[in-house]
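**Student:** Just so you know, the sequences run in chain order A and B. For what it's worth, my numbering labels the leading residue of the first sequence as 5, then goes sequentially. For what it's worth, my numbering labels the leading residue of the second sequence as 97, then goes sequentially.
Just to be clear, a hint being listed does not mean it is correct.
[To be verified] Computed list of lysine-lysine pairs in BS3-like fashion (alpha-carbon distance at most 27 Å, straight line): (1) A:K285 <-> B:K268; (2) A:K300 <-> B:K210; (3) A:K270 <-> B:K253; (4) A:K300 <-> B:K367; (5) B:K268 <-> A:K300; (6) A:K117 <-> B:K218; (7) B:K253 <-> A:K242; (8) B:K218 <-> A:K254; (9) B:K215 <-> A:K81; (10) A:K50 <-> B:K253; (11) B:K240 <-> A:K200; (12) B:K218 <-> A:K153; (13) A:K289 <-> B:K253; (14) A:K178 <-> A:K50; (15) B:K268 <-> A:K257; (16) A:K289 <-> B:K268; (17) A:K81 <-> B:K268; (18) B:K209 <-> A:K117; (19) A:K199 <-> B:K240; (20) A:K50 <-> B:K240; (21) B:K203 <-> B:K253; (22) B:K253 <-> A:K285; (23) B:K215 <-> A:K50; (24) B:K240 <-> A:K242; (25) A:K203 <-> B:K240; (26) B:K268 <-> A:K254; (27) B:K240 <-> A:K81; (28) B:K240 <-> A:K178.
[Claimed, not checked] If you only want the chain A side, here are some residues facing chain B, beta carbon under 10 Å, derived: (29) D20; (30) F58; (31) S69; (32) V115; (33) Q135; (34) L205; (35) A206; (36) R207; (37) E294; (38) H298; (39) E310.
Source of the hints: derived by calculation from the structure; they are not laboratory data. Where is the CB? At the ideal position from N, CA and C, for every residue including glycine.
As a plain string of letters, each chain reads:
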Amino acid sequence: MVQSEGEPILATAGYDHTIKIWAPYSGTTVKTLQHSDSQVNALAIKNYLAAGGFQSIRLYDLNASTNPLINFEGVSKNVTAVGFQEDNRFMYTGSEDSRVRIWDLNCPQPVCKRMFDCLNPVTSVCLHPNQVEVAISTSIGGIYIWDIKTDHNEQLMPESNCSLSSIDISPNGKYMAAINNKGSTFIWDLYADEKKYTKTLARLRFVSQQRYGLKCKFSPDSTLLVATGGDGTARLYKCEDDFKLYRELKIDKFWMWDVAFSNDSKYLFVASSDGTARLWKIETKNIEREYLGHSKALTAIAFRDEFIKPSN
Amino acid sequence: MATFNNKHWLLTHIRNSFISTDDTGISELVMNSDDLAKNLANSYSKMKLSPGNNAIVDESLFYIYPDLINEEEDTEDLLSQSFDINYTQEGPFAFRFRTNTAAKLEKISEIRKKQSQMKTVKVDDSIIKLNQEIEDDSTLFIRKEVNKTINEPVRSKLTEQFETLPPIQLNKFREYSIFDGSSYPSNESKTIQVYITPISELKDYPIRCCVHSIAKIEEFIGYILFKCLNLYPEYAEHLEEVKNYGLFISDESGEPDLDFPALDLTEVIAKYQFNILALAKRVIPHMQNRTLSVASDTTTVFIHPVIRQPSIDTNRSLPTNLRNNQNELAMNVHETMVEAPIYQAYRVYLVTKKHFKTEVQLGISAEKIEVDPLQQKSSNYFFRLKSTHFSMESVAFCEVTSRKSSRFEFRISYNPLHYDPLSFAASTSFDTTISFPSYTLKTMTFETDPTTAEQICLKVNNILLLRTSSVRREYLNRHEKIKKSFIRKKKFPI
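Could you build all of it, start to finish, from the sequences and the hints given here?
**Tutor:** Encoded structure:
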């Protein structure tokens with residue numbers, strides 16, 4: 005049974021060496037993909053499904069077998085970030101060997117076209133909506149904004165002696181957010197200078213998690229920011245309301261590792277370490293679905309929704 | 097071909113060809129006693145070793161290739177069989193055990209097959225600079241203008257599904273889906289054909305269940321129910337809680353074999369080697385395991401079987417409803433205890449000495465047991481049964497004695513000499529008698545369906561537990577003594 009074209013797809017993975025593909029509405033497993041020898045740290049879906057694990061980057065074709073289509077060999081440490089360019093032109097990966105790589109997907113086999121060395125393990129990578137700049141967070145707390153085309157980069161260090169877990173740029177290009185292991189969330193305003201390089205302006209810092217901060221992400225309509233972490237909460241903040249707390253989604257005791265929004269920013273998928281992925285309706289704070297099937301902690305989630313254009 | 101000028105090798109080859117191609121076996125019989133090549137080789141080595149032998153030995157007569165004689169054990173093997181004869185292809189030797197090597201080779205070929213479908217890209221940072229210089233990336237990296245104003249509202253397919261599709265019934269056993277074995281390699285999972293006997297439409301066709309081998313039987317039952325409901329959601333109302341079902345050994349017809357107890361709920365599935373099992377309802381829902389004896393020692397009935405929590409590597413536990421099972425169980429047992437003394441009548445068959453079966457009404461209350469024959473057919477005209485009533489005080493034990501798939505036999509034993517105003521001492525000729533030196537027990541055997549039999553035994557035993565009569569006490573004492581003496585005899589056979 006394979007998802008027909010145009011159906012939303014949810015992918016979850018973690019420490020049980022499998023990737024599960026779900027039909028999000030019915031809550032049933034459509035397919036289970038093998039991810040042998042390694043846990044999965046990061047997932048991304050476009051035409052293909054990309055998974056980053058320990059010393060591995062794998063690309064899967066969702067309509068073909070359960071084994072990977074392409075295996076990238078020779079990465080020395082954990083791959084912590086994967087993502088695709090908007091039009092599927094290239095894929096970016098970030099790993100603990102401190103390198104961010106850009107892979108051209110238009111060739112018969114993916115070719116690494118650019119590489120950026122941060123000198124410190126990369127924890128998270130995010131593509132700027134202009135599709136040519138990349139924001140990178142590292143384990144010593146530094147942030148790089150790297151222009152892929154010209155190799156120009158900017159550096160930031162919001163706080164010393166901490167590790168940044170996650171970084172994200174709002175889809176409208178207005179804000180950048182990062183969360184660190186102490187639960188602090190940082191917000192910057194973004195603007196472009198005369199050479200079109202993105203510059204930052206520190207705006208806000210607030211404590212969004214009592215314990216370890218794990219993930220921050222803007223909603224597709226750029227109105228909400230979600231911050232998750234070790235205290236079992238996903239806190240949603242309104243961007244236009246000076247990042248005031250809007251909703252708090254809570255589970256008992258487990259860590260929330262990764263999140264994904266539906267395209268209209270009304271639903272939120274959360275992967276947590278109890279091996280369950282949950283679908284929350286943000287407005288009502290209701291859990292609409294629970295995706296049970298993994299035997300170990302979930303650390304990565306990816307969702308591909310389908311846009312429906314308004315009829316007029 | 098190199099061995100063709102070796103006389104010894106040719107001899108063994110001819111010999112083995114005769115033996116292995118002659119289906120009648122006569123060649124083997126004839127040649128078994130004298131292996132010419134072997135004898136020659138032995139005499140050669142003896143001659144060489146004997147110190148006093150100075151005679152010149154004709155080496156060419158005994159010429160054997162050095163490789164063939166050096167290793168003694170190997171030599172025997174090599175001399176005794178020809179390379180040209182392949183035992184695996186024909187003849188009575190067609191069956192061959194798989195060796196570890198064969199399994200390993202198969203695994204390697206499987207991995208190779210997988211790899212052939214998978215492209216590999218080498219991550220090599222040294223060539224990136226080169227790529228960067230040679231190629232024109234103007235089409236790869238295109239700067240997009242970012243619109244900072246909020247775009248027109250988009251709708252998502254997911255939201256539309258939630259709004260338009262009818263609400264779906266979620267699988268009530270979905271917490272057991274973690275035991276799905278299909279994502280594990282074959283050595284960590286087990287595939288078992290399971291017949292779902294409680295649903296009559298499904299009992300002829302087994303469901304193929306691939307389960308993770310760390311699952312306990314209880315968790316496996318949960319997974320079977322999950323899978324069943326996934327395939328046939330229309331039977332959602334027919335399926336009850338996991339604890340109401342047991343897994344039984346079964347043959348290919350799917351009929352559960354009730355001579356064996358249900359598989360132990362706390363055991364791991366990897367322990368069992370069955371390919372076919374049958375899921376059936378437990379005879380008495382609140383009895384966790386048929387392995388608990390009902391009659392021999394009444395106290396065992398009230399030992400609450402411990403239900404182990406499903407084991408998961410993370411610290412998570414399954415929802416609280418599973419945790420509450422034990423309390424529910426205790427409640428169920430408590431209810432049966434309370435209901436036990438209330439009068440209830442059952443229609444069962446009384447089995448006589450001569451294997452006649454007579455339908456009787458068995459009435460059980462806290463005070464007495466009544467056996468009243470129902471209207472009898474003419475065939476039993478000469479064997480008219482009298483009603484038998486005896487006091488509960490005189491009952492010694494009640495137990496299930498035989499478990500056939502559809503009919504269970506159980507026995508009620510009582511002391512007819514026990515003084516009781518209610519007892520009419522109307523012993524009939526069909527009672528079998530167990531004699532103890534100072535007291536006598538009469539036993540009546542009944543036959544009925546499994547559920548009723550278990551219910552009756554439980555009810556009587558509950559009553560016996562509530563009122564400890566002298567007959568019962570004596571029976572238990574004697575029973576203990578017999579048991580002990582039996583053990584002693586076993587220990588010291590002299």
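**Student:** Confirm or reject each hint.
**Tutor:** Against the structure, the hints come out as follows:
1. With a CA separation close to 21 Å, the supplied pair K285 (chain A) and K268 (chain B) stays within the 27 Å bound.
2. Restraint check for K300 (chain A) and K210 (chain B): the C-alpha separation of about 26 Å stays at or below 27 Å, so the hint holds.
3. As the CA atoms of K270 (chain A) and K253 (chain B) are separated by approximately 12 Å, the hinted pair is consistent with the 27 Å bound.
4. Between the alpha carbons of K300 (chain A) and K367 (chain B) the distance comes to roughly 23 Å, so the proposed pair stays at or under 27 Å and holds.
5. Taking the CA atoms of K268 (chain B) and K300 (chain A), the gap is about 21 Å. The hint holds against a cut of 27 Å.
6. For a cut-off of 27 Å, the pair hint linking K117 (chain A) to K218 (chain B) stands: about 13 Å separates their Cα positions.
7. For the suggested pair K253 (chain B) and K242 (chain A), the alpha carbons sit about 24 Å apart, so the restraint of at most 27 Å is met.
8. Distance restraint check for K218 (chain B) and K254 (chain A): the Cα-Cα separation of roughly 42 Å exceeds the 27 Å cut-off, and the hinted pair is therefore not satisfied.
9. At most 27 Å may separate the alpha-carbon atoms for a hinted pair to count; K215 (chain B) and K81 (chain A) meet this at roughly 21 Å.
10. About 16 Å separates the Cα atoms of K50 (chain A) and K253 (chain B), which keeps this hinted pair within 27 Å; it holds.
11. Simply put, K240 (chain B) and K200 (chain A) have alpha-carbon atoms about 11 Å apart, close enough for the 27 Å limit, and the pair holds.
12. For the given pair, K218 (chain B) sits about 23 Å from K153 (chain A) by alpha-carbon distance, which is consistent with the 27 Å threshold.
13. Proposed proximity of K289 (chain A) and K253 (chain B) is supported: the alpha carbons are some 20 Å apart, at most 27 Å.
14. This hinted pair checks out: K178 (chain A) and K50 (chain A) have alpha carbons roughly 24 Å apart, not beyond 27 Å.
15. As the CA atoms of K268 (chain B) and K257 (chain A) are separated by approximately 24 Å, the hinted pair is consistent with the 27 Å bound.
16. About 22 Å separates the Cα atoms of K289 (chain A) and K268 (chain B), which keeps this hinted pair within 27 Å; it holds.
17. Note on K81 (chain A) and K268 (chain B): the hinted pairing is violated, with a Cα-Cα distance of about 41 Å set against a maximum of 27 Å.
18. Our distance criterion of 27 Å between C-alpha atoms is broken by K209 (chain B) and K117 (chain A), whose separation comes to about 30 Å.
19. About 14 Å separates the Cα atoms of K199 (chain A) and K240 (chain B), which keeps this hinted pair within 27 Å; it holds.
20. Of the pairs offered as hints, the one joining K50 (chain A) and K240 (chain B) holds, with about 19 Å between alpha carbons and a cut-off of 27 Å not exceeded.
21. For the hint linking K203 (chain B) to K253 (chain B), the alpha-carbon distance of about 43 Å lies beyond 27 Å, and the restraint is violated.
22. Annotation: proposed proximity of K253 (chain B) to K285 (chain A) holds, straight-line Cα distance about 14 Å (limit 27 Å).
23. Distance hint between K215 (chain B) and K50 (chain A) is fulfilled; the C-alpha atoms sit about 19 Å from each other, no more than 27 Å.
24. With a C-alpha separation of about 26 Å, the suggested pair K240 (chain B) and K242 (chain A) falls inside the 27 Å cut-off, and the hint holds.
25. Straight-line distance between C-alpha atoms of K203 (chain A) and K240 (chain B) comes to about 17 Å, which keeps the hinted pair within the 27 Å bound.
26. Annotation: proposed proximity of K268 (chain B) to K254 (chain A) holds, straight-line Cα distance about 23 Å (limit 27 Å).
27. Distance check on the hinted pair: K240 (chain B) and K81 (chain A) sit about 33 Å apart at the alpha-carbon level, beyond 27 Å; violated.
28. Restraint check for K240 (chain B) and K178 (chain A): the C-alpha separation of about 14 Å stays at or below 27 Å, so the hint holds.
29. At a threshold of 10 Å, the smallest CB-CB gap from D20 (chain A) to chain B is about 8 Å, leaving the interface hint in force.
30. Against a cut-off of 10 Å between C-beta atoms, the interface hint on F58 (chain A) is violated, since the closest Cβ of chain B lies about 14 Å away.
31. Because the beta carbon of S69 (chain A) sits about 7 Å from the nearest beta carbon in chain B, less than 10 Å, this interface hint is met.
32. Because the smallest distance between the Cβ of V115 (chain A) and any Cβ of chain B comes to about 6 Å, under 10 Å, the interface hint for this residue holds.
33. For Q135 (chain A), the shortest C-beta to C-beta distance to chain B is roughly 5 Å, which falls under 10 Å, so the interface hint holds.
34. A distance limit of 10 Å between C-beta atoms decides the matter here; for L205 (chain A) the minimum to chain B is near 14 Å, and the interface restraint is violated.
35. A cut of 10 Å between beta carbons decides the hint on A206 (chain A): the least distance to chain B is about 19 Å, and the hint is violated.
36. Contact between R207 (chain A) and chain B, as hinted, is not supported at the beta carbon level, the nearest pair being about 15 Å apart and thus beyond 10 Å.
37. A cut of 10 Å between beta carbons decides the hint on E294 (chain A): the least distance to chain B is about 8 Å, and the hint holds.
38. Below 10 Å, beta-carbon pairs count as interface contacts, and H298 (chain A) has one with chain B at about 7 Å; its hint therefore holds.
39. Checking E310 (chain A) against chain B: minimum C-beta separation of about 4 Å stays under 10 Å; hint holds.
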